[in-house]
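Starting from the known structure of chain A, arrange chain B on it as the hints suggest.
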Amino acid sequence: MSEIILHWGLTAAQMIIALAMAFAAYRIVIGPRAQDRVLALDAFYVAAMLMLMLFGIRVGSAIYFEVALIIGILGFVGTVALAKFLMRGEVIE
Amino acid sequence: MDAADIPVWVAIIVVALSIAGAILTLLGCVGLARFKDFYSRVHAPTLGTSFGTIFIVMASMLYFFVSGQRPAVHELLILAFVLVTTPVTLMLLARAALYRDRAEANGNVPDPVGQDVVVEPENPAQP
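First to last, the sequence lines map onto chains A and B.
For what it's worth, the numbering used here labels the leading residue of the first sequence as 4, then goes sequentially.
For what it's worth, the numbering used here labels the leading residue of the second sequence as 9, then goes sequentially.
Chain A with its partners taken away, still in its complex shape (with noise of 0.2 Å):
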């Protein structure tokens, strides 16, 4: 019973984290401006990594924890360097 509980309910939050990975996915095509694109890459740098929590509960590892740990850590960094690069036009000066 929990199994099957389980089951379809994380199935059902992954289609929800999808449609918003592709509401994002959306926002980032038509930008219309490079800071829409970055702040829409950063949100779905966080929706995918609760994709990948969602994923590791119903898969019932601790690898994926990891996996979005890392996905976190790389979002941040590479928002940053977007937003240095949109204010100096370089990264490292």
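Mixed in with the good hints there might be a few duds.
[As the list claims (entries may be wrong)] Pairs of lysine to any residue, SDA-like flavour, derived with a Cα cap of 20 Å:
| no. | chain 1 | residue 1 | chain 2 | residue 2 |
| --- | --- | --- | --- | --- |
| 1 | A | Lys87 | B | Val92 |
| 2 | B | Lys44 | A | Ile33 |
| 3 | A | Lys87 | B | Tyr47 |
| 4 | A | Lys87 | B | Phe46 |
| 5 | A | Lys87 | B | Leu106 |
| 6 | A | Lys87 | B | Arg110 |
| 7 | B | Lys44 | B | Val117 |
| 8 | B | Lys44 | A | Val32 |
| 9 | A | Lys87 | B | Pro95 |
| 10 | B | Lys44 | A | Gly34 |
| 11 | A | Lys87 | B | Ala111 |
| 12 | A | Lys87 | B | Thr93 |
| 13 | B | Lys44 | B | Asp109 |
| 14 | B | Lys44 | B | Thr93 |
| 15 | A | Lys87 | A | Ile76 |
| 16 | B | Lys44 | B | Arg103 |
| 17 | B | Lys44 | A | Arg36 |
| 18 | B | Lys44 | B | Phe59 |
| 19 | A | Lys87 | B | Leu100 |
| 20 | B | Lys44 | A | Ile76 |
| 21 | A | Lys87 | A | Tyr29 |
| 22 | A | Lys87 | B | Trp17 |
| 23 | B | Lys44 | A | Asp39 |
| 24 | A | Lys87 | B | Ala102 |
| 25 | A | Lys87 | B | Glu112 |
| 26 | B | Lys44 | A | Tyr29 |
| 27 | B | Lys44 | B | Leu106 |
| 28 | B | Lys44 | B | Arg108 |
| 29 | B | Lys44 | A | Ala28 |
| 30 | A | Lys87 | A | Ala25 |
| 31 | A | Lys87 | B | Arg103 |
| 32 | A | Lys87 | B | Ala104 |
| 33 | B | Lys44 | B | Val92 |
| 34 | A | Lys87 | B | Leu70 |
| 35 | B | Lys44 | A | Ala25 |
| 36 | A | Lys87 | B | Lys44 |
| 37 | B | Lys44 | A | Ile31 |
[Stated by the list, open to error] Stretch-level coverage of chain A by chain B, calculated; a stretch enters the list once three of its residues show a Cβ under 8 Å from a Cβ in chain B:
| no. | segment |
| --- | --- |
| 38 | 12-24 |
| 39 | 41-55 |
| 40 | 66-78 |
Calculated from the structure, these hints are not laboratory results.
The structure presented is a predicted model; accordingly, all values stated were derived computationally and were not measured.
We put the CB at the ideal spot given by N, CA and C, even for glycine.
Using the frame of chain A, we list chain B on its own:
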């Protein structure tokens, strides 16, 4: 412990927390896609990074605490990291966008504080 050995009420709470977090993330991304200008849009995804992450982290902690595969405090690392870094990144991004808008005289952005801005009165003859 397998997924079939989890008590039913724990499974229901895990699923409810997961769906609540997913719906909040979806709302944030819908706002990101629908708002009109950048300074409105920068607020929307923080729904996903604050309460979406909190709910899904709570679901994951509860599941792994009950199934007992590992201590369930690792998720707090993700939670602390996301909650600390999101304001920093969005603040930097908003400042970069403000800088670009000012440099291009684009949109209705305020002038920098501390500089003398000469505003021409439109009708100086009025008493």
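Inset, instruction - Against the structure, test the hints numbered earlier, and report the numbers of the ones violated in rising order. - result: As far as the earlier hints go, 14, 18, 20, 21, 22, 30, 33, 34, 36 are violated by this structure, in ascending order.
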